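2 protein chains.
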Amino acid sequence: MPYALINKLTAKPGQRDRVAQILIESGNLFDDNAACIFSVVSESAQEANVLWVTDLWTSREEHEAALKQPELRPFVEQALPLLEGMPEQIEIRPIGGKGLPQ
Amino acid sequence: MPYALINKLTAKPGQRDRVAQILIESGNLFDDNAACIFSVVSESAQEANVLWVTDLWTSREEHEAALKQPELRPFVEQALPLLEGMPEQIEIRPIGGKGLPQ
Numbered sequence: 500m501p502y503a504l505i506n507k508l509t510a511k512p513g514q515r516d517r518v519a520q521i522l523i524e525s526g527n528l529f530d531d532n533a534a535c536i537f538s539v540v541s542e543s544a545q546e547a548n549v550l551w552v553t554d555l556w557t558s559r560e561e562h563e564a565a566l567k568q569p570e571l572r573p574f575v576e577q578a579l580p581l582l583e584g585m586p587e588q589i590e591i592r593p594i595g596g597k598g599l600p601q
Numbered sequence: 500m501p502y503a504l505i506n507k508l509t510a511k512p513g514q515r516d517r518v519a520q521i522l523i524e525s526g527n528l529f530d531d532n533a534a535c536i537f538s539v540v541s542e543s544a545q546e547a548n549v550l551w552v553t554d555l556w557t558s559r560e561e562h563e564a565a566l567k568q569p570e571l572r573p574f575v576e577q578a579l580p581l582l583e584g585m586p587e588q589i590e591i592r593p594i595g596g597k598g599l600p601q
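From first to last, the protein sequence lines are chains W and B.
The first sequence runs 500 to 601 under the numbering used here.
The second sequence runs 500 to 601 under the numbering used here.
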């Protein structure tokens with residue numbers, strides 16, 4: 500069953516571009532992972548310090564496995580101190596539309 | 500430049516499934532539109548009446564043109580009375596990650 504995520508991250512003032520760069524670099528780890536259908540990093544157009552990450556994976560289990568790869572840890576350790584609080588995860592269940600695996 | 504959208508829709512109590520169906524059916528209009536990279540309809544796992552739609556398009560102009568096609572109107576007219584208020588659109592600017600056009 501496909502698994503989707505929306506994450507909202509709030510950077511400390513002046514740190515959004517750096518956090519975005521870390522997210523994009525760390526996301527390269529998913530490029531060759533067929534279980535990651537997309538993982539798009541976006542700036543908010545409305546809130547100066549906010550980033551949104553929208554993900555679609557083939558399953559929750561595949562996503563969890565990808566998060567456990569040790570190569571990801573240095574990126575998490577770089578990014579967390581640059582954030583205000585923790586990322587806010589919006590849990591969603593994809594049910595249809597274009598881009599979902601058949 | 501790619502263009503991304505996050506929409507949050509709140510259905511009237513008991514109407515979420517019907518609204519989701521309308522969104523999925525109307526989204527079929529984008530299936531053959533190469534400018535629509537994805538448009539995924541999801542249920543909130545946290546809020547009983549909420550739906551999220553996450554879109555990625557090749558450009559803002561292509562998205563606007565797609566919204567203007569007359570075939571879309573009956574779906575909008577069916578869905579709007581089933582919503583609490585208007586859809587909340589979160590404006591974002593995609594800057595990187597997997598799934599973006601190169």
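Derived by calculation from the structure, the hints in this document are not laboratory data.
Here the structure is a predicted model, which means the values were calculated and not measured.
Check the hints yourself; a few may be wrong.
Stated by the list, open to error - Stretch by stretch, here's where chain B covers chain W in the computed footprint (C-beta under 8 angstroms, at least three residues):
#1 513-524
#2 528-542
#3 562-576
#4 583-596
Unchecked claim - DSS-like mimics (lysine-lysine), calculated; alpha carbons at most 30 angstroms apart, straight line:
#5 597/B with 567/W
#6 597/B with 511/W
#7 567/B with 567/W
#8 507/W with 567/W
#9 567/B with 597/B
We treat Cβ as the ideally placed atom computed from N, Cα and C, and that holds for glycine.
- Please name the hints from earlier in the document that this structure breaks, with their numbers sorted from lowest to highest. 3, 7
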